[in-house]
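Please model the entire structure based on the sequences and the hints provided.
Number of protein chains: 2
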Amino acid sequence: MNVVHAPPDSARPDKAASKARLRLWLKILKVSRLIERELRERLRVEFDTTLPRFDVLAALYRVEKGLNMSELSAVLKVSNGNVTGIVDRLVADALIVRVPVEGDRRAMIVRLTEKGREHFSVLARAHEGWVNELLGSLEAADADELRGLLARIGAGHEERMAGE
Amino acid sequence: MNVVHAPPDSARPDKAASKARLRLWLKILKVSRLIERELRERLRVEFDTTLPRFDVLAALYRVEKGLNMSELSAVLKVSNGNVTGIVDRLVADALIVRVPVEGDRRAMIVRLTEKGREHFSVLARAHEGWVNELLGSLEAADADELRGLLARIGAGHEERMAGE
Chain A
0 MNVVHAPPDS ARPDKAASKA RLRLWLKILK VSRLIERELR ERLRVEFDTT
50 LPRFDVLAAL YRVEKGLNMS ELSAVLKVSN GNVTGIVDRL VADALIVRVP
100 VEGDRRAMIV RLTEKGREHF SVLARAHEGW VNELLGSLEA ADADELRGLL
150 ARIGAGHEER MAGE
Chain B
0 MNVVHAPPDS ARPDKAASKA RLRLWLKILK VSRLIERELR ERLRVEFDTT
50 LPRFDVLAAL YRVEKGLNMS ELSAVLKVSN GNVTGIVDRL VADALIVRVP
100 VEGDRRAMIV RLTEKGREHF SVLARAHEGW VNELLGSLEA ADADELRGLL
150 ARIGAGHEER MAGE
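For the protein sequence lines, the chains are A and B, in the order given.
Heads up: the first sequence runs through residues 0 to 163, numbered per numbering that gives the first Met the number 0.
Heads up: the second sequence runs through residues 0 to 163, numbered per numbering that gives the first Met the number 0.
Rather than coming from a laboratory, the hints here were simulated on the basis of the structure.
In this text the structure is predicted, and so the values were computed from the model without any measurement.
One or more hints might be untrue.
Simulated DEER-style distance windows between Cβ atoms [as the list claims (entries may be wrong)]:
#, chain 1, residue 1, chain 2, residue 2, range
1, A, Asp-92, B, Glu-45, 38 to 48 Å
2, B, Lys-64, A, Ser-72, 15 to 25 Å
3, A, Ser-120, B, Lys-64, 26 to 36 Å
4, A, Asp-92, B, Pro-12, 34 to 44 Å
5, A, Ala-139, B, Glu-70, 33 to 43 Å
6, A, Asn-81, B, Glu-45, 40 to 50 Å
7, B, Gly-135, A, Gly-135, 50 to 60 Å
8, B, Glu-117, A, Ser-72, 35 to 45 Å
9, A, Asn-81, B, Asp-13, 19 to 29 Å
10, A, Arg-43, B, Glu-117, 39 to 49 Å
11, B, Val-44, A, Lys-64, 46 to 56 Å
12, B, Ala-91, A, Asp-92, 35 to 45 Å
13, A, Gly-84, B, Lys-114, 38 to 48 Å
14, A, Asp-92, B, Glu-138, 48 to 58 Å
Heads up, the beta-carbon is just placed ideally off N, CA and C, and yes, glycines get one too.
Below is the structure:
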């Protein structure tokens with residue numbers, strides 16, 4: 000999101016803080032888009048796969064017993080995927096399976112197959128390597144400091160949500 | 000993007016740094032999606048508009064003489080908009096106009112109308128206010144520090160691009 004920068008008004012600290020936060024937001028957006036575009040590209044070129052597929056596999060990797068479709072939808076909301084289409088293709092690729100829920104004959108969950116688990120291990124290792132390279136200009140201590148500052152934004156947001 | 004966290008291996012500092020960068024990336028992604036979702040929602044609710052429209056208007060606000068379609072496409076690449084459709088609607092709303100390029104009878108540029116300029120001023124002021132609120136848990140000094148650390152990621156990336 001690009002916004003015109005008005006001349007700084009150093010006589011008004013609240014105005015200066017507002018501009019500092021706006022500049023920060025534009026930088027967060029730029030960096031996240033830059034890295035995300037690079038990761039999408041590498042997933043495509045090196046593994047012929049997509050970020051929504053990666054996100055579904057990652058979510059299922061963490062929950063061995065599997066997830067139902069609405070839990071998966073919540074995961075995919077963030078990567079703009081069409082959950083049914085993605086699940087259908089992952090099933091066709093034998094990376095996940097649909098299984099009935101015990102005690103509820105109409106409900107289904109999806110979970111990783113052994114092949115899916117192995118495939119995701121490979122993807123996750125590559126993904127971590129790419130991130131390590133793309134963020135390589137930051138030492139571990141800087142990365143932790145940056146994460147701590149970002150966490151304050153997230154925490155501030157959650158407090159507001161809880162207060163509404 | 001969600002990734003399983005292996006147990007930390009504190010005996011290997013490069014491994015620890017890799018995990019720190021991965022955790023940082025997941026946090027950048029989380030915060031940027033959180034803020035962006037909130038901004039999209041407020042643009043929709045309060046102004047019945049979208050982020051791609053906002054981005055086009057912002058780009059044209061900064062360049063009074065206007066931009067051609069490929070310059071606008073570069074702007075919109077980042078917000079996943081369909082440039083032709085967005086431009087058509089902004090023209091229909093009389094916020095922008097298509098004008099011929101001097102000396103090239105086939106080329107057209109688009110630029111803001113007076114109405115478009117006024118409309119964007121209102122949007123930009125609201126947008127800055129939202130960002131100021133959403134990032135309000137950071138003082139100006141923290142915001143600047145955070146931006147400086149993020150700039151190192153961007154700079155590292157640009158160096159790599161130049162070296163390829």
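Next item on the list: If any of the earlier hints don't hold here, list their numbers in rising order.
Entry: 2, 3, 6, 7, 9, 11
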